[in-house]
Amino acid sequence: MDFGIVELAPDVIAFWDTEVVPFMEEFLSDEVLEQERHHGNGFVPEYRRALGAKGWLANATSNGDDDTVGLDPLRAAIVAAEESRRARSLFPVLGSNDLVTTVVNQFGSAELREHIGPGLRRGDIHCCLGYTEPDCGSDAAAIRTRAIRDGDEWVINGQKMFSTGAHLCQYVMVTARTNPDASKHQSITVLLVPLEHPGVEVQGIATLGGERTNFVYLDEARVADEYRLGPVDQGWQVASGSLAAEHGMSDGSATHSDVDQTTVDVIEALGRSLSWRDEFPVVLAAAERWARNAQRRDRSYEIDDPAVRLRLARIALDCEVARITPDPYGRVVASDLLIRGTDELLAMIGAAGVVTAGEDGAVADGVLEWAHRFAQGTSIYGGTTDIQRNLIAEHVLGLPRHRGALKR
Amino acid sequence: MSPRVIRRQDYSLSEEQLQLSKVFASLFERESPSVRVRAAEPVGFDADLWQQLTGAGVISMALPEAVGGDDATLVDLALVAEEFGRSMAPVPLIDAMTAARLLAAVGAPEGVVRALAAGTKTATIALHPFHARERQLISSGAMADIVVGLDGDALVMSEGPPPAAVANLACAPLAWRDLSTNDHTRSIVAEGLAAELAFAHAVLEWKALMAAAQTGIANGARILASEYVTERHAFGVPIGTFQAISHPIVDIAAGVEGARRLALRAAWFLEHEPECALGDVLMAFVAASDVANRAASFGIHALGGLGFTLESDMQLYFRRARGWTLLAGDPQADLQQLGDHLYGPEPTH
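As they're listed, the protein sequences go chains A and B. In short: position in the first sequence from 1, add 10, done, that's this note's numbering. In short: position in the second sequence from 1, add 1239, done, that's this note's numbering.
The hints are simulated quantities; they were obtained by calculation from the structure and are not laboratory data. Take these hints with a grain of salt, some might be off.
Unchecked claim - Restraint-style ranges between C-beta atoms, simulated for each label pair:
#1 B/Q1258 to A/L43: 26 to 36 Å
#2 A/A295 to B/Q1482: 52 to 62 Å
#3 A/R154 to B/E1255: 53 to 63 Å
#4 B/E1304 to A/G408: 42 to 52 Å
#5 A/V364 to B/G1568: 47 to 57 Å
#6 B/G1568 to A/K194: 55 to 65 Å
Claimed, not checked - Over the 12 Å line for every Cβ pair with chain B, so calculated as not near, a few chain A residues:
#7 W26
#8 H177
#9 Y311
To be verified - Footprint (simulated), chain A over chain B, 3 or more residues, beta carbon under 8 Å:
#10 1247 to 1253
#11 1271 to 1282
#12 1356 to 1364
Here a beta-carbon is modelled for each residue, glycine too, at the ideal position from N, C-alpha and C.
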């Protein structure tokens, strides 16, 4: 147990100030972030390519099987922290991308890894997820999308939903039914589908949180067998492993899973020490700024009112609990408290809280108005918090399996 | 400009700490089963058990080497406190540890401190400063030989036979005491700013250790509820299969994990950087009180009618969840203090 201050060597401080900060100011400028908030793409390809050109992506995506120079864990943590301070919550696609990268490294054919590995490490190639369908979400094995073997290729038909980033990514990792005769968990195969292929069509879906997500329609789409991830009909194991990782995605904690545990530990430890790592502290800080600057008719500031400080304290406690509660509980707690906290903060501000970013009188650039909407999605994507509670009840606490549980 | 203070966030426990936690878990489990907790009611004090524990060194471990103690860290003490809370042992562990450490810190007479370390005498702390003619309810006040408290800027100590216990929610040995000038047995052990700071620090230690104990209460209640809902059948299935039962239990387990981290971190800061500890202690205390109360209250509900009977051990947790923490006052006051500390014009220290 140690919460002491990490001594930073002069060269590390120099790296932080003279390399990372100016880099972020250039590639994640206010203008870029404003655009991102407006379009809700889920990531910024130019920024990712710039990171790749610096060699700063190597740590997250390489297995050390080429000459790419990576960052040491401390420097990687600094880059990650500066990114998250500005925009992590705007970049959900990066979580998906890291997850697909993990699966590709673990299950991909040598040809596939050779083909896309360098692009992933350079930030030229990004991948998104294609698990969910209009008729199945949490019950991820109930998919209807089918793939049929045709010589060296697979022919895919079906539709995927909530493939965030598909309109800017190069690949989508798709689950498809490949054996109509086997049980639902023994008949799924995972395929990495190039989004530019004929028969693949992407259509946008707007969300309450401002993020754009997508339908991916697969109409006689063809993909070579080298793009298969893991054994035929054993895709459930491949997909459920990465689903488990995705459960931590909303707090960024699983984005580097299985790459290098030591690195992950250090990044986790350092990243979490930076209190603006996640959305909640950013939102809370915005509310604090408002309370310190908003003047009442009697010239006192909101924060001078003990009742306002009491409300802020309650939420500050929730924010800290959300930040430190360990997995597998962390995501459930963080999501619930974020939903409650953003709502409470918005209510505290009152009428002006509802004004949208960029409009006359918007409070703290509309961060709270946005966060209140954004928070609602965090208990849904990556598997709902209800599903996660079922998993914890059964697998962690040893409670009896609930009636609707999957039969294995 | 980037903030350049990066703190380690290492919540891991050393082998020795894990071992310590395990030893005390089994000690309390063996020596303080619920039948013994019940036998000590309504006063809530078991002199034989206390003698056994002080003989085993629970108070001397909390004291510095200079006064014959074993100089355990506050994190170690918090680990012990969690297991104490889980067992609800009818002994004044936290009060006695805190008061002994306070008296040792301000240089109370050596004979007194050595008697506390040896367990021949027990001290407790009055958690609120006294004002003239105001009595207050003292935790362990009905069994302690010595009460230490703050009156104005004087840290005072009163020694003598304890007054009678008053029956209470927690079945704890509570008694009313007044350490202001009305008390003719009192003596002054320290004065001025040093006395006030030492007292304030002791109250924070009490809250951090109580946060750990409440984490233990919440965990105990959660485990008892989990066992019951796994065995109890209704409508042909174990009731733990219903999400209306299992999901609140998951939320309580999550609350236990969070409260434990907050309590241990508060203890770490009190030990290593006490000037930075206030916010963490208040957070830990409020969060742990809250989860213990939720756990025991939901626990009674999960056990249904049986949970509402005095036969059920769940009511033991329920009584101590609120009954121990409210001695420090309304938790809202701690939240208000946290708010003033974080957001006040002049942060309090």
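Hint check:
Checked against the given bound of 26 to 36 Å, the beta carbons of B/Q1258 and A/L43, roughly 50 Å apart, lie outside it. For the pair A/A295 and B/Q1482, the supplied restraint of 52 to 62 Å is violated, since their beta-carbon distance comes to about 35 Å. The supplied range of 53 to 63 Å is met by A/R154 and B/E1255, whose beta-carbon atoms lie about 56 Å from each other. Against the hinted window of 42 to 52 Å, the Cβ-Cβ separation of B/E1304 and A/G408 comes to about 43 Å, which satisfies the hint.
For the pair A/V364 and B/G1568, the supplied restraint of 47 to 57 Å is violated, since their beta-carbon distance comes to about 37 Å. A hinted range of 55 to 65 Å holds for the C-beta pair B/G1568 and A/K194, which are about 57 Å apart. Residue placement check: A/W26 does not keep its beta carbon more than 12 Å from all beta carbons of chain B (closest about 6 Å). With a minimum CB-CB distance of about 33 Å to chain B, A/H177 clears the 12 Å threshold, and the non-interface call stands.
The beta carbon of A/Y311 sits about 9 Å from the closest Cβ of chain B, which is not more than 12 Å, so the claim that it is off the interface is violated. Counting residues of the region 1247 to 1253 of chain B whose C-beta sits closer than 8 Å to any C-beta of chain A gives 7, which meets the bar of three, so the coverage hint holds. Note: the region 1271 to 1282 of chain B has 0 residues with beta-carbon separation from chain A under 8 Å; the three-residue rule is not met and the coverage is violated. A stretch counts as covered by a chain when three or more of its residues have a beta carbon under 8 Å from one of that chain; for the region 1356 to 1364 of chain B and chain A the count is 0, and the coverage is violated.
Of the numbered hints listed earlier, those contradicted by the structure are 1, 2, 5, 7, 9, 11, 12.
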